[in-house]
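Sequences listed follow chains A and B, in order.
The opening residue of the first sequence carries number 1 in the numbering used here; numbering runs sequentially from there.
The opening residue of the second sequence carries number 1 in the numbering used here; numbering runs sequentially from there.
Hints are computed from structural coordinates only; laboratory data are not their basis.
Using N, Cα and C, we set each Cβ at its ideal position, and we do this for glycine too.
Honestly, I wouldn't trust all of these hints.
Said to hold, decoys possible - Taking lysine-lysine and the DSS-like style, the derived pairs with C-alpha atoms no more than 27 Å apart in a straight line are:
#, chain 1, residue 1, chain 2, residue 2
1, B, Lys273, B, Lys195
2, A, Lys194, A, Lys271
3, B, Lys189, B, Lys203
4, B, Lys106, A, Lys47
5, B, Lys170, B, Lys204
6, A, Lys271, A, Lys18
7, B, Lys273, A, Lys217
8, A, Lys21, A, Lys271
9, B, Lys106, B, Lys77
10, B, Lys273, B, Lys203
11, B, Lys77, B, Lys130
12, B, Lys233, B, Lys189
13, B, Lys96, B, Lys106
14, B, Lys96, A, Lys47
15, B, Lys77, A, Lys140
16, A, Lys47, B, Lys204
17, A, Lys47, B, Lys233
18, B, Lys106, A, Lys140
19, B, Lys170, A, Lys140
20, B, Lys130, B, Lys189
21, A, Lys47, B, Lys238
22, B, Lys204, B, Lys189
23, B, Lys203, B, Lys170
24, B, Lys130, B, Lys96
25, A, Lys271, A, Lys27
26, B, Lys195, B, Lys233
27, B, Lys238, B, Lys203
Unchecked claim - What follows is a set of in silico ranges between Cβ atoms, one per label pair, in the way DEER data are often shown:
#, chain 1, residue 1, chain 2, residue 2, range
28, A, Trp94, B, Gly210, 43 to 51 Å
29, A, Ile201, B, Ala127, 54 to 62 Å
30, A, Gly30, B, Asn234, 50 to 58 Å
31, B, Asp70, A, Arg193, 48 to 56 Å
32, B, Gln100, A, Gln171, 51 to 59 Å
33, B, Glu167, A, Arg193, 36 to 44 Å
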Amino acid sequence: MSVDPHLDMGTALVNLHKRQKFIYNLKVTGVWVALITIVTIGLWFLKIDPSYIFLHYDIILQGAGTTIAVSLASILIATLLALAGSIARLSSNWIAQGISGFYVSLIRGTPLLIQIYFIYLGLPQLGQRISDLGYPDIGKLFILDAIPAGILALSLNYGAYMTEIFRAGLQSISHGQREAAIALGMTPGQVTRKIILPQAIRIIIPDVGNQFIAMQKDSALVSVMGVWEITYLANHYARRDSKYMEMFLIAATAYWILTIISSYFQGILEKRMAQAYER
Amino acid sequence: MKKLNTVLAIVIISAFMLSACGAPPPAATQPPAPTSAPVATSAPAVTAAPAATTAPTAVPATQAPTSAPDLLASVLKRGTLVVSSDPAYPPQSALKANPQRSAGTKCTADQKTTGELEGFDIDVAVAIAKGLGVEVCFVTPDWNLITAGNWAGRWDISVGSMTITPERAKALYFAQPYYTTPAALFINKNNTTYKQPADLSGKKIGSCGGCTYESYLNGSLVIPGENISFVIKNPTIKTYDTDSTALEDLALGDGARLDAVLTAQPTGQEAIKMANLTNNWATLCSLNTWLQPLTAIHRLIRTPSSQKFQILLQGCTKMDPWRNFLPNIMERI
Numbered sequence: 001m002s003v004d005p006h007l008d009m010g011t012a013l014v015n016l017h018k019r020q021k022f023i024y025n026l027k028v029t030g031v032w033v034a035l036i037t038i039v040t041i042g043l044w045f046l047k048i049d050p051s052y053i054f055l056h057y058d059i060i061l062q063g064a065g066t067t068i069a070v071s072l073a074s075i076l077i078a079t080l081l082a083l084a085g086s087i088a089r090l091s092s093n094w095i096a097q098g099i100s101g102f103y104v105s106l107i108r109g110t111p112l113l114i115q116i117y118f119i120y121l122g123l124p125q126l127g128q129r130i131s132d133l134g135y136p137d138i139g140k141l142f143i144l145d146a147i148p149a150g151i152l153a154l155s156l157n158y159g160a161y162m163t164e165i166f167r168a169g170l171q172s173i174s175h176g177q178r179e180a181a182i183a184l185g186m187t188p189g190q191v192t193r194k195i196i197l198p199q200a201i202r203i204i205i206p207d208v209g210n211q212f213i214a215m216q217k218d219s220a221l222v223s224v225m226g227v228w229e230i231t232y233l234a235n236h237y238a239r240r241d242s243k244y245m246e247m248f249l250i251a252a253t254a255y256w257i258l259t260i261i262s263s264y265f266q267g268i269l270e271k272r273m274a275q276a277y278e279r
Numbered sequence: 001m002k003k004l005n006t007v008l009a010i011v012i013i014s015a016f017m018l019s020a021c022g023a024p025p026p027a028a029t030q031p032p033a034p035t036s037a038p039v040a041t042s043a044p045a046v047t048a049a050p051a052a053t054t055a056p057t058a059v060p061a062t063q064a065p066t067s068a069p070d071l072l073a074s075v076l077k078r079g080t081l082v083v084s085s086d087p088a089y090p091p092q093s094a095l096k097a098n099p100q101r102s103a104g105t106k107c108t109a110d111q112k113t114t115g116e117l118e119g120f121d122i123d124v125a126v127a128i129a130k131g132l133g134v135e136v137c138f139v140t141p142d143w144n145l146i147t148a149g150n151w152a153g154r155w156d157i158s159v160g161s162m163t164i165t166p167e168r169a170k171a172l173y174f175a176q177p178y179y180t181t182p183a184a185l186f187i188n189k190n191n192t193t194y195k196q197p198a199d200l201s202g203k204k205i206g207s208c209g210g211c212t213y214e215s216y217l218n219g220s221l222v223i224p225g226e227n228i229s230f231v232i233k234n235p236t237i238k239t240y241d242t243d244s245t246a247l248e249d250l251a252l253g254d255g256a257r258l259d260a261v262l263t264a265q266p267t268g269q270e271a272i273k274m275a276n277l278t279n280n281w282a283t284l285c286s287l288n289t290w291l292q293p294l295t296a297i298h299r300l301i302r303t304p305s306s307q308k309f310q311i312l313l314q315g316c317t318k319m320d321p322w323r324n325f326l327p328n329i330m331e332r333i
């Protein structure tokens, strides 16, 4: 028995809380196990050839590298686009406001697949015109190969959605802070860089992670241009051997694992960003 | 096979080359005027081709795009022939079971090598490149991107068992047909009532979307010089991304989703063969070939006889089996 009865009570409460949390986590894990079992049983009733999966899963995994590379490159460019776009959207400059508003409206208003077709098929026609006008070097820049065209399409598309996410993040910082900073003599640029952005990032990061997870799967659309990523390989081997369920099962699992890994890193990043606010 | 389907396999030369054809060939051996004229007259409405606006005028000297008009020279210089093909149609083209990038290849990183693909179309492409003394490299864009015609120099030619149609000839430059494949109707094994194509009138028939089979089913198929009789009246057409998906649906059961599938005979037979090889695909085993192909379609895949069609093809090549016409194509380029 310690001298301080309050400390004992506190320790007991903390232990109780820990135990409850442990039991709670155990229950959640139980639900996961049950659901995985149900899904497995469901798959059992499908006509699936496990030996085929075992022999061919590595082929699909060869496409994982491409999927990851395309997604990473695209999310980086999209983030830059979104940052510029959101600042433009919140600025009082009418040109910036007009450009960013049009960009977001046009891109969000049209399907990604059609954007891919325009970039892959349409841009070269522009390039041809420019070449005909006597600027072949500039014209050549418009003829993009499949992977750069895919990255451009994904970046533009996600950049538009993320512009809105960034805008919301920037707007969530109370107006008083901006006014206070200006009253202290900071320039508008300094205010954005040193006061608003560091706080907004904390709100933006989880959504960017979310977008990245979505993008890994949307990157499957670049397969129409013949990029051998996960979906392309799954689709073509499925047709080759008439093994649709097997191939799509491998592909789905590969995507799932990729997103689990991404979620993990997203969690770490979020924790890191929230450090300043922990008590 | 896909959207092509009924069947002639063909080498397509890109619209890009069409433009090249219109330009004065640097090779002194090539008389430009007489051979390029038919192309210009037969393809006046080329919309998808970047060169379209310049080609029909037949005034070669005015268009001087700096984009290397002599494709053959650049192919030889590069040492590789870049061929596009959509490897989704075994036995014509498919990915290899164990793709291995060919050693010491000159293909760029985003191009595929012969070690990664297989099939009839692939072999044809290899033969073409061999004839030229260069290595063949593949790109694998979606079918739509090949038929769209605006290749922008991304690849030199396409080899893909594509049926020649007037519509496609507006955007693409076709070579002489070098083989034919019968179209066939496939029905479920459990069905006992369908005896001839006309029995399928008003039934649910699957095919690839935007391909010649669909055109046949909706009565719009035109092959110059051929008189096609549309014996299946008012079918309910269900189109698919690719023929093999339609066959999968047919295998689900007689009339479950489809009553029949119209596709290339080898495509259907390959699906049945695959099904027999693997036990757990019992349902697909129930597919039965209907080996009486539609006579009209069967006929139209023979070498086109009409004058019009001949002219259309003349633009690029002489009329011989592909082994012989290859040099001609390249000469034209």
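**Report entry** Violations among the numbered hints
**Finding:** The structure conflicts with hints 4, 5, 7, 17, 20, 23, 33, although it agrees with all the remaining ones.
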